[in-house]
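Engineer: Add chain B to chain A, keeping to what the hints say.
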Amino acid sequence: MKARIFVTLKDGVLDPQGQAIEGALAALGFDGVGAVRQGKVFDIELADPADGEARLKAMCEKLLANTVIEDYEIEVG
Amino acid sequence: MKSALILFPGTNRERDMAAALKRAGGRDPAIVWHGETSLPDADLIVLPGGFSFGDYLRSGAIAARSPIMPEVIKRAQAGALVLGVCNGFQALCEVGLLPGVLMRNTSLKFVCREVKLEIVNAQTPFTRAYRAGQVIRCPVAHHDGNYFADAATLDRLGGEDCVVFRYAEGTNPNGSQRDIAGIINAGGNVLGLMPHPENLTEAAQGGTDGLPLFQSIASGFMERAA
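Sequences listed follow chains A and B, in order.
Sequential numbering of the first sequence, starting at 1, is according to the working numbering.
Sequential numbering of the second sequence, starting at 78, is according to the working numbering.
The set of hints was computed from the structure by calculation and includes no laboratory data.
Heads up, some of the hints might be wrong.
[As the list claims (entries may be wrong)] Reference excerpt, derived from the structure (chain A facing chain B, CB under 7 angstroms, subset only):
1. Pro16
2. Ala20
3. Ile21
4. Asn66
5. Val68
[Said to hold, decoys possible] Stretches of chain B that chain A covers, calculated by requiring three or more beta carbons in the stretch to come under 8 angstroms of a beta carbon on chain A:
6. 161 to 169
7. 180 to 186
Predicted model, so just to flag it, every value in this text is computed and none were measured.
Even glycine gets a Cβ: it sits at the ideal position worked out from N, Cα and C.
Chain A extracted, bound-state conformation (with noise of 0.2 angstroms):
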């Protein structure tokens, strides 16, 4: 079982990393950029399936994502 775990800034949290890139796009001439926000990602591949969602949340909730600033989002391809 193969998984993509996106892991975002939530809404309200300073992103200084995305301001910066913001900034640089800018400075390449990209005009009407309105915001950027830097996240990551994670594939992850579980060699047993079962209970695959619910293990993927419990790594989000206890590793992949700090939730007092991070939302997560989990892909399952």
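Structural biologist: Here is chain B on its own, set in the frame of chain A:
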């Protein structure tokens, strides 16, 4: 004072910390590797600074899930004093012993300089040798020291005197909310701070403004033993 110092791969401030603990408390700390699952008898458990696990994933995140951490949590819940400095503070937040999280500095730069620290709460076992309102010098060296918590948590921290150190006189080096440099848990026994008081504990380091923190802890245990 018996202390235990937890070592992770990538910890690099353990010697400075051990020297400060010995200077104030007269004894070398026990050094405990992160892969252990038990702790020696200790009045104080310290998570020193550094870059545990290369700051992979998030600063302190992997350290917080180390085999030794359930034991640290158990001791903390039983009332032992726990001190986390810099990367140790990040790990204490990640493991949930302290609220909030330390995010990337708003400047995106690693900051290594001296700041002014205001002692906001001098009633804790870690700060009794200071006066409330006192401003001291203290070095900082970090990339992820920008303290973040939601507004309700920040209000609660302020209301319950859990903010122990604030960056003073416009020296906030990292964008921390409300200039927070160090906080204590509601139980008053787990302290985390980004600055390095252990690096200002003898004249050869350029000053001793950090020494009273360690003397506060040590004198508490001496009084209790007497």
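Engineer: Work down the list of hints and note, for each, if the structure agrees.
Structural biologist: Evaluation of the provided hints:
1. Pro16: The hint holds - proline 16 of chain A has a Cβ within 7 angstroms of chain B, the shortest such distance being about 5 angstroms.
2. Ala20: OK, holds: alanine 20 of chain A within 7 angstroms of chain B, min 6 angstroms.
3. Ile21: violated, 10 angstroms
4. Asn66: holds, 6 angstroms
5. Val68: holds, 5 angstroms
6. 161 to 169: violated (count 0)
7. 180 to 186: holds (count 6)
The structure fails to meet hints 3, 6 from the earlier list, while all remaining hints are met.
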